[in-house]
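Top line first, the protein sequences correspond to chains A, B, C and D. Following my numbering, the numbering of the first sequence begins with 190 at its first residue and continues without gaps. Following my numbering, the numbering of the second sequence begins with 3 at its first residue and continues without gaps. Following my numbering, the numbering of the third sequence begins with 389 at its first residue and continues without gaps. Following my numbering, the numbering of the fourth sequence begins with 8 at its first residue and continues without gaps.
By construction, these hints were calculated from the structure, which means they are not laboratory data. Careful, some of the hints might be misleading.
Computed far set for chain C versus chain B, every beta-carbon distance over 10 Å [stated by the list, open to error]:
1. GLN464
2. TRP465
3. LYS468
4. THR494
Distance condition first, Cα-Cα at most 27 Å in a straight line; then the derived DSSO-like pairs of lysine-lysine [what the hints assert, rightly or not]:
5. D:LYS122 <-> C:LYS436
6. C:LYS441 <-> D:LYS122
7. A:LYS269 <-> A:LYS256
A short, non-exhaustive set of chain C residues, derived as facing chain B with CB atoms under 7 Å [unchecked claim]:
8. GLU467
9. GLU469
10. MET484
11. SER626
12. GLU656
13. PRO672
14. PRO680
Here the structure is a predicted model, which is why all the values come from computation and not from measurement. From the three backbone atoms N, C-alpha and C, an ideal C-beta is built for every residue, glycine too.
Given next are the chains, with one letter for each unit.
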Amino acid sequence: MASTIRVRATLNGDTTEVQALIQHPMDSGFVKDSKGAIIPAHFIQQLTFECNGKSVFLCDWGTAVSKDPYVKFSFKGASKGDELKISWVDNKGASDSLTSKIQ
Amino acid sequence: MTSTNHGFSATRRTVLKGAATVALIGLGNLPFDTMPALAAANDKWPEDAFKQKNEADAIKSLYGKAAEASDKVKLDAPEIAENGAVVPISVTTTLDNVTSISLFVADNPNALAASYQIPPGTLPSVANRLKMAKTSNVTAIVEAGGKLYSATREVKVTVGGCGG
Amino acid sequence: MSVQSTIRLASIAFAAAGAAVAALFLIGPSAHAADKIDPAADAKAFQKYFTDKFPQLKLKDFVNGPYSMNEDMRKQWEEKEEFPPYEFALEAGKEMFTKPFKNGKTYADCFPNGGIGIRQNYPYFDQKEGKVVTLELALNQCREANGEAPISYVKDDMAALTAYMAYTSRGKPFDIKIPDDPRALQAFEDGKRYFYTRRGQLNFSCASCHVQNAGQRIRAETLAPALGILNAMPIYRSEWGSMGTTSRRFVTCNIQTRGVPLEPQSDEYRNLEYYLSYVSNGLPISGPGARP
Amino acid sequence: MSLFQIKSIRIKLLRVKASIATLALAASASALLLPAVHAAATEADFTAAYAAAEAANKEAGALRDQWTTTKTELDAAKKAADSGNFDQAVASAKEAEALAKASIDQATSEKDAWKALAIH
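Given the sequences, and given the hints that come with them, work out the whole structure.
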C-alpha cells in the first residue's frame with residue numbers, strides 16, 4: 190500500500206525546510222456519523238523526524254489536529270542527500286514510516 | 003554528565019536525568035551517537051496533558067509551571083477561520099535555546115492541541131493545521147531556557163454552511 | 389448590495405414579472421423572436437458585470453473564488469496551497485487514469501491527446517448524441533465502452549480522476565465551443581434559465597447568491613462569484629473533508645436552498661455546466677481547488 | 008458588509024412561511040367547514056389528504072422543482088398515521104400539500120420571471 194506520508198525536505202543554505210502531509214482520518218471521537226453513532230477517536234499521537242540517527246523534530250498530537258495532518262519546520266546540520274526518517278503511531282497502535290532524501 | 007536538555011516538564015526532566023545517568027554508567031561502551039535515539043525513545047506521549055479539559059490544567063500537566071506573555075513569541079492565526087476543521091496556525095520566536103512549543107485552543111473539548119519538541123539545531127518555529135470547535139482564544143507557549151513564554155490570539159469560528 | 393435589498397428587488401421583480409408575463413401573452417409570439425439566443429453577447433455581458441462589480445480584480449483572479457474576495461481568507465488558502473489537501477486525490481487520480489481496464493485499455497485511449505491537458509474543452513456539445521457531454525459523463529462513457537461499470541458522479545474516484553485531468557490543464561484558458569446547431573443553442577439557453585430560476589423553499593436561484601451577492605457573506609461562507617466558479621473544479625472542501633465533483637456541488641447547492649436535487653448529470657445540470665463554463669471562456673483552469 | 012445575513016434570510020423565511028400559512032389556512036379552513044362538527048380525523052381522511060399532497064408533489068417533480076421540506080412533511084404525516092394519530096397525520100399531509108402547491112407556483116411563475124434578473 191502506498192505510504193500515507195508525503196514529505197518535502199529541501200536544503201537552502203545550511204537550513205533544511207521540511208513539510209509533511211499525512212493521510213489519516215484524525216477522528217476526534219466527538220463527531221457523530223449520519224446515523225447518529227459516535228465515530229470513535231482515531232488520531233496520530235506521535236510523529237517523529239530523524240536525520241542521521243538524530244531526532245530533529247517530535248510532534249505530540251491530540252484530537253484537535255486536522256484530518257490529513259500537515260506540519261512544517263526547519264532544522265540545521267544536514268546536507269543534500271542525507272536521509273530523513275519520518276514515522277508516526279496512532280492511538281490504535283497503527284503506524285507507518287518513510288525514509289526520504291533531502292533535496 | 004551531558005544534559006540532554008530535552009524540553010520536558012520539571013517532573014519528567016528529573017526522571018530523564020536519572021535514566022540518562024544510568025544509561026551512561028551501565029552502557030559506557032555504547033557508541034555515542036545512538037544515545038540520543040535511546041533518549042528519544044522514552045519521549046512518551048503526554049497522555050495526561052491531552053486529557054485535561056481546560057488550558058491551565060493542561061499547561062500544568064505538560065510543563066508544571068506558569069507562562070508569562072512575551073512579544074518575542076509570534077503567533078500567526080486567521081482572524082476568522084474559513085472553516086473550523088482546517089485552521090492554519092503557525093508559531094515562531096526570537097527567543098533562544100527553545101526546547102518546546104505547544105498550542106492550546108482554550109474552548110476546545112481538550113485544550114491542548116499539539117506539542118512539539120525542538121531538539122538543538124532545529125529552528126524554533128512550526129506551522130500546522132488545527133481543528134477548532136468554536137470561536138476561542140488560541141495560545142502558543144514556548145519553553146526557552148526552562149522558562150515559559152506565551153502569546154494569545156482570538157480566532158473566530160462560525161457554523162459552516164449557508165442554508166439548508 | 390446586501391441580501392435584504394436583493395429580496396426586496398426579487399419580490400418587486402416577482403410582481404413585475406407577473407405583469408410582464410401577462411403583457412407578453414397580450415403581445416403574442418412576436419416578442420419571443422426578440423429573445424434570440426446569443427451566447428457570445430451573454431458571455432461578454434457576464435464578464436463585464438463582474439469586472440465592473442470588482443474593478444480591482446483581473447479576469448484570471450475570479451478563478452480563485454472566495455479567496456479573491458477576502459484578504460484574511462486568501463492568506464489561509466495560500467497556507468493550504470503549500471501542501472494542499474487534494475494531494476492524495478491527485479495521486480490516486482493519476483494512478484487510476486493509467487490503470488488498464490479488464491480489456492487492457494485505459495482512460496487515455498478514450499480521450500484526445502491521451503486525456504492530458506484537455507479539461508478546458510469540456511463540456512462540449514456532442515452533435516451525434518445531440519446533448520452536452522461533460523468531463524464526468526465522458527469518463528463514465530469511456531468505462532462503459534470498455535465493459536466497466538460506471539462509477540458514482542459524486543464520490544471520490546470520479547473526483548480523483550477529474551482532479552488529475554484538471555491538473556494537467558492548469559493555466560489553460562477555458563475554451564468551450566457552441567457549434568452552429570439549434571440544439572446546442574437551446575442547451576446553452578436551458579442552462580442559463582436554470583442558473584437564474586429561483587428554486588427551493590428559500591426561493592434562491594444560483595444568481596441570487598453567486599451574482600447579486602458575490603463577495604458578500606451568507607452566514608460564514610463568502611459567496612464566490614459565478615464567473616470562474618467552475619474553473620477550480622473538482623474541489624476539496626474543508627466542509628466535506630473530502631473531494632467534490634461539479635455534480636456534488638450542484639446537488640449540495642440545491643439542498644441548501646431546500647430544493648430537491650436532480651439526478652447527477654441530468655440534462656439541467658449538464659446544460660448548467662455548459663452555460664457556466666462558456667461564460668467563463670478565457671479564464672484559466674485552476675483545478676483541483678481547495679475551498680472552505 | 009454585515010458578518011451574518013441571518014436576519015435577511017429570516018425575513019425571506021417568514022415571507023415564504025406567511026404565504027404557506029395563508030395557503031395552509033385556506034386549505035384547513037375549507038376542510039373544517041365540510042364536517043359540521045369537528046370529528047376526529049379517520050384513516051380515510053388521512054389517506055385522502057396524503058394522496059392529494061403526493062399528487063401535488065408529483066406535479067412539482069414534473070416541473071423539476073420539488074422542495075425538501077415537502078418530503079419531510081409527507082414522512083411526518085405517514086409516521087403519525089402509522090402510530091394512529093390521524094389528526095396529526097392529516098395536519099401534516101395538509102402542510103405537505105400546501106408546500107407542494109407553493110413549489111408549483113414558484114416553478115410556474117419562474118418560467119419567465121427569471122429573464123428579469125438574467126444578465127444578457
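Hint-by-hint comparison with the structure:
1. GLN464: violated (5 Å)
2. TRP465: The claim is violated: TRP465 (chain C) sits with its nearest Cβ about 8 Å from chain B, within 10 Å.
3. LYS468: Nearest chain B Cβ is 7 Å from LYS468 (chain C), so the label is violated.
4. THR494: Given a closest Cβ separation of 34 Å, the condition holds.
5. D:LYS122 <-> C:LYS436: Holds, because 18 Å separates the two Cα atoms, which is no more than 27 Å.
6. C:LYS441 <-> D:LYS122: Between LYS441 (chain C) and LYS122 (chain D) the Cα gap is close to 20 Å, so the pair holds against 27 Å.
7. A:LYS269 <-> A:LYS256: It is violated: about 31 Å lies between the C-alpha atoms, which goes past 27 Å.
8. GLU467: holds (4 Å)
9. GLU469: violated (10 Å)
10. MET484: With a minimum Cβ separation of about 25 Å from chain B (threshold 7 Å), the hint on MET484 (chain C) is violated.
11. SER626: Hint on SER626 (chain C): holds, closest Cβ of chain B at ~4 Å, below 7 Å.
12. GLU656: violated (20 Å)
13. PRO672: violated (23 Å)
14. PRO680: holds (4 Å)
When each numbered hint is compared with the structure, violations occur for hints 1, 2, 3, 7, 9, 10, 12 and 13.
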